[in-house]
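Read top to bottom, the protein sequences are chains A and B.
Everything in the first sequence is counted per this note's numbering, starting at 1 for the first residue and increasing by one.
Everything in the second sequence is counted per this note's numbering, starting at 1001 for the first residue and increasing by one.
No lab work stands behind these hints, which were simulated from the structure alone.
Be a bit skeptical, because a hint or two may be false.
Capping the alpha-carbon separation at 27 Å, the derived lysine-lysine pairs in DSSO-like fashion look like this [to be verified]: (1) LYS1364/B <-> LYS104/A; (2) LYS167/A <-> LYS396/A; (3) LYS104/A <-> LYS240/A; (4) LYS104/A <-> LYS1040/B; (5) LYS240/A <-> LYS7/A; (6) LYS1167/B <-> LYS1208/B; (7) LYS1361/B <-> LYS104/A; (8) LYS240/A <-> LYS1007/B; (9) LYS40/A <-> LYS1007/B.
Calculated Cβ distances over 12 Å to all of chain A for the following chain B residues [stated by the list, open to error]: (10) LEU1022; (11) ALA1074; (12) ALA1089; (13) ARG1091; (14) SER1093; (15) ILE1098; (16) GLN1277; (17) ALA1293; (18) GLU1298; (19) ARG1306; (20) LEU1327; (21) ASP1362.
C-beta: ideal position from N, C-alpha, C; glycine also.
Read off the chains here:
Number of protein chains: 2
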Amino acid sequence: MSYSYIKPGRLQSVALENYRGLYGQSVAEMDQAVAALPRKEDQIDLTHGDTRAFLPPASAFKNFTRAVTENTEAYSVYRGSATVRNLLAPRISTLLGIDVDPTKELIIMPGTQGALFGALSAFVGLGTIVAFPAMEYFMNERIVAFLGGESIRVPAAITPEGFIEIKEEDLESAHKAGATVFVFSNPNNPTGGIYTREMSEKIARWAKKYEISVIADQLYCRLIYDNRNYTHFSALAGMKEQSITLLGPSKTESMSGYRVGVAVASAPIINSMETLQSMTSLRAAGYSQHALAGWLDEEPGWLEERTVLHQEIRDYLVQGLSTIPGLKVCSPGGSSYIFPSVADCASVSGNDYKNDFSFVKDLKLSGVLVSPGYQSGLAGKGSFRINFSQHFELIKTSVDKITSLIRI
Amino acid sequence: MSYSYIKPGRLQSVALENYRGLYGQSVAEMDQAVAALPRKEDQIDLTHGDTRAFLPPASAFKNFTRAVTENTEAYSVYRGSATVRNLLAPRISTLLGIDVDPTKELIIMPGTQGALFGALSAFVGLGTIVAFPAMEYFMNERIVAFLGGESIRVPAAITPEGFIEIKEEDLESAHKAGATVFVFSNPNNPTGGIYTREMSEKIARWAKKYEISVIADQLYCRLIYDNRNYTHFSALAGMKEQSITLLGPSKTESMSGYRVGVAVASAPIINSMETLQSMTSLRAAGYSQHALAGWLDEEPGWLEERTVLHQEIRDYLVQGLSTIPGLKVCSPGGSSYIFPSVADCASVSGNDYKNDFSFVKDLKLSGVLVSPGYQSGLAGKGSFRINFSQHFELIKTSVDKITSLIRI
Chain A
1 MSYSYIKPGR LQSVALENYR GLYGQSVAEM DQAVAALPRK EDQIDLTHGD
51 TRAFLPPASA FKNFTRAVTE NTEAYSVYRG SATVRNLLAP RISTLLGIDV
101 DPTKELIIMP GTQGALFGAL SAFVGLGTIV AFPAMEYFMN ERIVAFLGGE
151 SIRVPAAITP EGFIEIKEED LESAHKAGAT VFVFSNPNNP TGGIYTREMS
201 EKIARWAKKY EISVIADQLY CRLIYDNRNY THFSALAGMK EQSITLLGPS
251 KTESMSGYRV GVAVASAPII NSMETLQSMT SLRAAGYSQH ALAGWLDEEP
301 GWLEERTVLH QEIRDYLVQG LSTIPGLKVC SPGGSSYIFP SVADCASVSG
351 NDYKNDFSFV KDLKLSGVLV SPGYQSGLAG KGSFRINFSQ HFELIKTSVD
401 KITSLIRI
Chain B
1001 MSYSYIKPGR LQSVALENYR GLYGQSVAEM DQAVAALPRK EDQIDLTHGD
1051 TRAFLPPASA FKNFTRAVTE NTEAYSVYRG SATVRNLLAP RISTLLGIDV
1101 DPTKELIIMP GTQGALFGAL SAFVGLGTIV AFPAMEYFMN ERIVAFLGGE
1151 SIRVPAAITP EGFIEIKEED LESAHKAGAT VFVFSNPNNP TGGIYTREMS
1201 EKIARWAKKY EISVIADQLY CRLIYDNRNY THFSALAGMK EQSITLLGPS
1251 KTESMSGYRV GVAVASAPII NSMETLQSMT SLRAAGYSQH ALAGWLDEEP
1301 GWLEERTVLH QEIRDYLVQG LSTIPGLKVC SPGGSSYIFP SVADCASVSG
1351 NDYKNDFSFV KDLKLSGVLV SPGYQSGLAG KGSFRINFSQ HFELIKTSVD
1401 KITSLIRI
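Work out the full structure, taking the sequences as your base and the hints as a guide.
Next up, the structure:
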């Protein structure tokens, strides 16, 4: 008998992305086609932030080094070092506006991605229906499928000022369709839109009414522009018990290379997430956990400066991109994402850029790599995502290249 | 409506460990009972190795630091840094005796635990039956349950000289019972037993005959005593295609705090594992991956010295423990585990130590923490596991405490 590897149902279901195919190809096929294109030597990569443009706080490496030198916690408990959890809990309590117990209500995981996988595992079993906004982080659907659940999309719009809007009737429909879990990122990935207090309260009331478990991915919650108010979901009435908040230093603080993130939730939910972590990786890297010791406790002015610098880049992008005929752009309220639409643009090549797949391929050939909108769901058709946590001059070059790619 | 968190089926199934209960309690309940006992101030923890007794090679921190300083790979591709994979592949090829393609056949994951989760995910879907030896790493069953599979145990014995033996008829029975996946650790966790070439070939022939996918957890394969021959499973006829080999620097090299491990398999299997990793943590920590740059390329004599030092401790333990009336101990052929049985020992307290649960509790009260045998399956009843990668004097103290606990 000759052995042939057959992907088990669990992983096969993840390859379901065909159903998201907008252009007769699966997401995976389109991604491969983009990856296969030649890479210019001076390619600008805007698919993720540049941790050399915005450096991690110096405390991260200092605290990591101390952990290696003292070498006491190569093996922490699965939910993470008690020392680090004790340091973080009061700061997270202040950030979120709820009381967080370091022993019971906090877990350190391998990045906010690890925390997202853990959070979904805590809520999703076979047949669980999970709802999320029309444009959302592209991994949600994949993880839900892996866990045997089903994903449905709730229509969502972003205003030109960068606020996400979801209609009450669409939330009601999601409940009627059987959704028992709601996942949303705030600021939103890919648009950078944020949720007003009123909008957040609308979701909370709906969640409470129907006992919907909520995952609030707040990875970017410290990078908010224009001094806007930001609403932490878990602080809303009744939401501490029935939600999981995901936080982490990988974005605003550029600490992605350490692969640490945290989740905040009630004790039984954290227990479930710890069980999951005992299987997937035992713990976040013991030394890296200590890189968190200075997190949320940076020098005065550090966050303000980082925010101002990103806001300048955002303003330049919004201004520069909106001069391109047909291109539509909303001003992100937070995060380092911007999600312009080229659906109404013609192009030098004569391509119809309703098709973000074509646009992203053409742009890569001209030296700039961005994330195609289809990755964020059907509603992303015709858009593309830039992570603008970059050196300013590269952003300027990129805007020039986008401009010359699109016919003026 | 008031919200009450209900663990989804996926995680609930993991709490199945009741069926392994030997003493009328679930494994989780027994573990909690041990954890709840008071901890002596000078408690000796033998449940895992002490990374301060045996330090990581200096190259690990040096290479990590360079990665932070150069900061080019905070974001590697999901399967891990190409630079690091290119360094490791030729060394792993030499170690295993097969040709390993760095691009297609190698993935870096968050520890060998992460690689185990990924490997099982690549093979196990709903209803998949997974077989493993009677005494095996306690996480296997948990992960298989989470993935919706079913675990069966194959009877296995360890000889006094430290070799694992499995009968052909028992492998045949596992196939008849529907097993399509076989998982084994070599050296074996918890016994330290190793598989002879003949034994490994027997498993390989059986796997080939019935198209059984095999996971060979070789985490400890560099720490082999008495200059014994060690057989790398993937080098046996036909096994490269149908097996996954797990390796990592967390044990012999004491690099657990970096949380990196690797898996070697054929291209389609590595692709599946990468899909899994894109969901669970995106990648192993970018900087930690570079801590691997010196792995399997230590200074001449480094491994030999580490082996000799561990072998001395092993010899002391085997000798010291076998003087205790009734205590049975096999000499581990590799790893830093030893798995003595107290089933035929009486005790000072009058407890019947057939019950490893009672023994482990009593031993903790006298200041030494070890892993109870029940954690490794029903066959572990009456035994306990020591990880002897420790300061020698602590091992001596531990033997004294065990001796005085058991009636002479």
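The hints, checked one at a time:
Taken as a hint, the LYS1364/B and LYS104/A pair is honoured in the structure, with Cα atoms around 25 Å apart against an allowance of 27 Å. A distance of roughly 37 Å separates the Cα atoms of LYS167/A and LYS396/A; the hinted pair therefore is violated under the 27 Å criterion. Distance check on the hinted pair: LYS104/A and LYS240/A sit about 13 Å apart at the alpha-carbon level, within 27 Å; holds. With a C-alpha separation of about 24 Å, the suggested pair LYS104/A and LYS1040/B falls inside the 27 Å cut-off, and the hint holds.
The suggested pairing of LYS240/A with LYS7/A is violated, with an alpha-carbon distance near 39 Å, which exceeds 27 Å. Of the supplied pair hints, the one linking LYS1167/B and LYS1208/B holds, its CA atoms being roughly 17 Å apart against a limit of 27 Å. At roughly 25 Å between alpha-carbon atoms, LYS1361/B and LYS104/A fall within 27 Å of each other, so this suggested pair holds. With a C-alpha separation of about 17 Å, the suggested pairing of LYS240/A with LYS1007/B holds against the 27 Å cut-off.
Restraint check for LYS40/A and LYS1007/B: the C-alpha separation of about 49 Å exceeds 27 Å, so the hint is violated. The Cβ of LEU1022/B lies farther than 12 Å from every Cβ of chain A, with a closest approach of about 21 Å, so its non-interface assignment holds. Residue placement check: ALA1074/B does not keep its beta carbon more than 12 Å from all beta carbons of chain A (closest about 3 Å). Listed as a non-interface residue, ALA1089/B keeps its Cβ farther than 12 Å from every Cβ of chain A; the least gap is roughly 20 Å.
With a closest Cβ-Cβ approach of about 22 Å to chain A, ARG1091/B is found to remain outside the 12 Å limit, as its non-interface label requires. With 12 Å as the threshold on Cβ separation, the claim that SER1093/B sits away from chain A holds: the shortest Cβ distance comes to roughly 21 Å. Against chain A, the non-interface label of ILE1098/B holds: every CB pair exceeds 12 Å, the least being about 15 Å. With a cut of 12 Å on Cβ distances, GLN1277/B falls inside the contact zone with chain A, its closest approach being about 10 Å.
Remark: the non-interface label on ALA1293/B is consistent with the geometry, its nearest Cβ contact in chain A lying 15 Å away (cut-off 12 Å). The beta carbon of GLU1298/B sits about 18 Å from the closest Cβ of chain A, which is more than 12 Å, so the claim that it is off the interface holds. Under the 12 Å C-beta cut-off, the non-interface status given to ARG1306/B relative to chain A holds; the minimum distance is some 16 Å. For LEU1327/B, the condition that its CB be more than 12 Å from all CB atoms of chain A holds, with the nearest at approximately 27 Å.
Listed as a non-interface residue, ASP1362/B keeps its Cβ farther than 12 Å from every Cβ of chain A; the least gap is roughly 23 Å.
In terms of the numbered hints stated before, the structure departs from hints 2, 5, 9, 11 and 16, listed from lowest to highest.
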